[in-house]
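**Q** Protein sequence lines, in the order shown, are assigned to chains Z and H. Here this note's numbering is used: the first residue of the first sequence is 2, the next is one more, and so on. Here this note's numbering is used: the first residue of the second sequence is 937, the next is one more, and so on.
In case anyone wonders, no lab produced these hints; they're calculated from the structure. Any given hint could turn out to be false.
[What the hints assert, rightly or not] No farther apart than 20 angstroms at their CA atoms in a straight line, the calculated lysine to aspartate or glutamate pairs in the EDC-like style are these:
(1) H:Lys1234 with Z:Glu142
(2) Z:Lys105 with H:Asp1189
(3) H:Lys1100 with H:Asp1189
(4) Z:Lys108 with Z:Glu40
(5) Z:Lys108 with H:Glu1132
(6) Z:Lys253 with Z:Glu40
(7) Z:Lys171 with Z:Glu142
(8) Z:Lys108 with Z:Glu72
(9) H:Lys1143 with Z:Asp83
(10) H:Lys1143 with Z:Asp119
(11) Z:Lys67 with Z:Asp7
(12) Z:Lys171 with Z:Asp119
(13) Z:Lys20 with Z:Glu33
[To be verified] Coverage of chain Z stretches by chain H, computed from C-beta distances (three or more under 8 angstroms per stretch; other residues unrestricted):
(14) 50-62
(15) 95-102
For every residue, glycine included, the Cβ atom is placed at its ideal position computed from N, Cα and C.
Now for the letters of each chain:
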Amino acid sequence: MLEVKDVRTSFKTDRGLVKAVDGVSFTLERGETLGVVGESGCGKSVLSKTIMGLLPSNASRSGSIKFEGQEIGGPSIKHMRDFWGTQMSMVFQDPMTALNPVMKVGKQITESLRHHLDVSREFANETALQLLSSVGIPEPERRLKQYAFEMSGGMRQRVMIAIALACGPKMLFADEPTTALDVTVQAQILDLLEAQQAERFMAMILVTHDLGVVAGRADNIMVMYAGQSIEMAPTRTLFSQMRHPYTEALLKSIPKLNQASHTRLDAIGGRPPDLVNPPVGCRFAPRCPYAQAKCHQEAPPLMVHDTPGHEYACWFPVGTPQGAEALAKNQGSIGTAVGGQ
Amino acid sequence: MSEVAPMTEASPEPTQEEEEATKRGLGIAAWLAIGWLGCMVFLAVSASFLPLDDPINGSIRETPGVSYFTEGHIFGNDLLGRDTLARVVVGTSTSLSIAALSIGFGTLIGGFVGLVAGYVGGRIGTALSAMFDILLAFPPLLLALTLVSVLSPVTETDPPSRIKRMLVVALAVGLVSIPILARITRANALSWSQREFVMAAKSQGAKPFRIMLREVLPNVVPAMLSVALLGLASVIIVEGGLALFGLSINPPDPSWGNMVASQVDDLGETPHVWIVPSVFIFLSVMSLNLLGDVVRDKFAVREAAI
Chain Z
2 MLEVKDVRTS
12 FKTDRGLVKA
22 VDGVSFTLER
32 GETLGVVGES
42 GCGKSVLSKT
52 IMGLLPSNAS
62 RSGSIKFEGQ
72 EIGGPSIKHM
82 RDFWGTQMSM
92 VFQDPMTALN
102 PVMKVGKQIT
112 ESLRHHLDVS
122 REFANETALQ
132 LLSSVGIPEP
142 ERRLKQYAFE
152 MSGGMRQRVM
162 IAIALACGPK
172 MLFADEPTTA
182 LDVTVQAQIL
192 DLLEAQQAER
202 FMAMILVTHD
212 LGVVAGRADN
222 IMVMYAGQSI
232 EMAPTRTLFS
242 QMRHPYTEAL
252 LKSIPKLNQA
262 SHTRLDAIGG
272 RPPDLVNPPV
282 GCRFAPRCPY
292 AQAKCHQEAP
302 PLMVHDTPGH
312 EYACWFPVGT
322 PQGAEALAKN
332 QGSIGTAVGG
342 Q
Chain H
937 MSEVAPMTEA
947 SPEPTQEEEE
957 ATKRGLGIAA
967 WLAIGWLGCM
977 VFLAVSASFL
987 PLDDPINGSI
997 RETPGVSYFT
1007 EGHIFGNDLL
1017 GRDTLARVVV
1027 GTSTSLSIAA
1037 LSIGFGTLIG
1047 GFVGLVAGYV
1057 GGRIGTALSA
1067 MFDILLAFPP
1077 LLLALTLVSV
1087 LSPVTETDPP
1097 SRIKRMLVVA
1107 LAVGLVSIPI
1117 LARITRANAL
1127 SWSQREFVMA
1137 AKSQGAKPFR
1147 IMLREVLPNV
1157 VPAMLSVALL
1167 GLASVIIVEG
1177 GLALFGLSIN
1187 PPDPSWGNMV
1197 ASQVDDLGET
1207 PHVWIVPSVF
1217 IFLSVMSLNL
1227 LGDVVRDKFA
1237 VREAAI
């Protein structure tokens, strides 16, 4: 249903052209969830905003985005308004700021209903009521008449989801929907998104920096680094046989229950590269424990290797003889290498 | 994970502000200001229904000439035997009408232009900002003076009517107030347009005009209101200034400004004739400034945004 091919987004800034998304391709079918994972500033939020066409005016995008066979990736975003709300919609990161502070919550839901579906006020109110109860808000009648500041963060995110679902979109972007929420509420919101997605048979792109969030929920996972997709695989495959050192490093940086207390977490040393002047060769090479001379000179292509559906871009993949050899070489030369256990 | 919990438990920002606002209340001064302005509005609206003496021709029954606080004329008469109370009440309706009309005009145009400039931004925004920067460069009183004398010159044969003169004065002063209101609206619209809920509305397919009116404007209104209240006060003063040059309402008709102006040559002889309207001007301007400040504090309108 969604076919993204070689999409690039760049921002004009005083420092130069920031290539926030640099050649990303994937496909997504109805009912599927794609998890997009990466650390801050790797272009995952920009990717979903690019597909939605919700970019600021100093951004330009190129590449092909096909939604149900229709090309929507052109430089103009005028026609995108026909898609917003009814075809695709978005749940934003911070429910504290994504609701209008001076408009009643009910009004914010019914507004897009009445605008897109041209229904009567009563019908819109009725639908809003159903939506609120379907996203698990108790006493929806009372809540409809409240303002955003009268609700908790989790409640607001539920309202945001209700608004996003109001016009029955075929595709939902969830841009780090739980980052601003309490951990105890995170799971509830994610479960809600998953349930609604299954019930409405929507396609969903779940953007997060937390591999744990997508682990049980996404069908496929795309790992992004410095604006590029560096590894993509069905969730199970990715976790069982990850090949890219960055994916491995991401997973290692999550605390585990069976670790002894006070165990140091394996952080990834350094920072993501400057997207104005990305490094030559593999972009992760400067931080990679496996990196060899070749990595600094030649960028590895993103391609399918041994398992079908599992593509990655690495010269010395994790869990292969080449990778093991490279790691051993690095550890031998600089003593205890970064990230190597 | 206990570090995370307090973040969500702490009440979100608007609630805190609200609580503070209700705690503080409006304060006695603000209520006095509202009371005074309420009286003024009542007088202005009902000026023609109240049992007052003729403010223009004076009462012929009585001896013409000045009198002080006598029975039936609590503020006395002026040299022509006209009741000061009647004149100041009719003057209230003139002065307040000019103030309301000009600020209404300024808010409507300035608000709209500022909203578009702030929301649309880009080249259009820059062009519009440049336009009101140019308007701001004119000395306001001089611009108003010029406009009034050009648009409604006083000739012996055809003196402009009270209504026409009022409209022209309001238009001239309103024009001066446009850039000020446009700037404050633009600054606020600009910052509200960056908020995520505007993008959320956009992602739901709302059209730019709708976003401007429904999402951005309601958030900008407090700032506009605060500036408009201060603007009303300025207009009352400017009307006085114009009156000194004989460019407010034409003399037989009273306004606060020209009642004071009529006495500038001879302040000592009949002080009550200028003191009464001056007190009205003073109290009204004070009240408006005070209320403007209250609104600004309540809604945390930042001075820097002006």
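**Q** Next, verify each hint and record whether it holds.
**A** Now for the hints, and whether the structure bears them out:
For the hint linking lysine 1234 (chain H) to glutamate 142 (chain Z), the alpha-carbon distance of about 30 angstroms lies beyond 20 angstroms, and the restraint is violated. Between the alpha carbons of lysine 105 (chain Z) and aspartate 1189 (chain H) the distance comes to roughly 49 angstroms, so the proposed pair goes past 20 angstroms and is violated. Annotation: proposed proximity of lysine 1100 (chain H) to aspartate 1189 (chain H) holds, straight-line Cα distance about 13 angstroms (limit 20 angstroms). Between lysine 108 (chain Z) and glutamate 40 (chain Z), the direct Cα distance comes to roughly 36 angstroms. Violation of the 20 angstroms bound is thereby established for this hinted pair.
Between the alpha carbons of lysine 108 (chain Z) and glutamate 1132 (chain H) the distance comes to roughly 17 angstroms, so the proposed pair stays at or under 20 angstroms and holds. Distance restraint check for lysine 253 (chain Z) and glutamate 40 (chain Z): the Cα-Cα separation of roughly 13 angstroms lies within the 20 angstroms cut-off, and the hinted pair is therefore satisfied. Our distance criterion of 20 angstroms between C-alpha atoms is broken by lysine 171 (chain Z) and glutamate 142 (chain Z), whose separation comes to about 27 angstroms. For the given pair, lysine 108 (chain Z) sits about 33 angstroms from glutamate 72 (chain Z) by alpha-carbon distance, which is inconsistent with the 20 angstroms threshold.
Distance restraint check for lysine 1143 (chain H) and aspartate 83 (chain Z): the Cα-Cα separation of roughly 11 angstroms lies within the 20 angstroms cut-off, and the hinted pair is therefore satisfied. Among the hinted pairs, lysine 1143 (chain H) with aspartate 119 (chain Z) is consistent with the structure: their alpha-carbon atoms are about 15 angstroms apart, no more than 20 angstroms. Restraint check: the Cα-Cα separation between lysine 67 (chain Z) and aspartate 7 (chain Z) comes to about 12 angstroms, which is no more than 20 angstroms; the hinted pair holds. Of the supplied pair hints, the one linking lysine 171 (chain Z) and aspartate 119 (chain Z) holds, its CA atoms being roughly 19 angstroms apart against a limit of 20 angstroms.
With a CA separation close to 28 angstroms, the supplied pair lysine 20 (chain Z) and glutamate 33 (chain Z) exceeds the 20 angstroms bound. Counting residues of the segment 50-62 of chain Z whose CB lies closer than 8 angstroms to any CB of chain H gives 3, so the stated coverage by that chain holds, three being the minimum. Only residues whose C-beta sits within less than 8 angstroms of a C-beta in chain H count toward coverage, and the segment 95-102 of chain Z has 7 of them, enough to reach three; the restraint holds.
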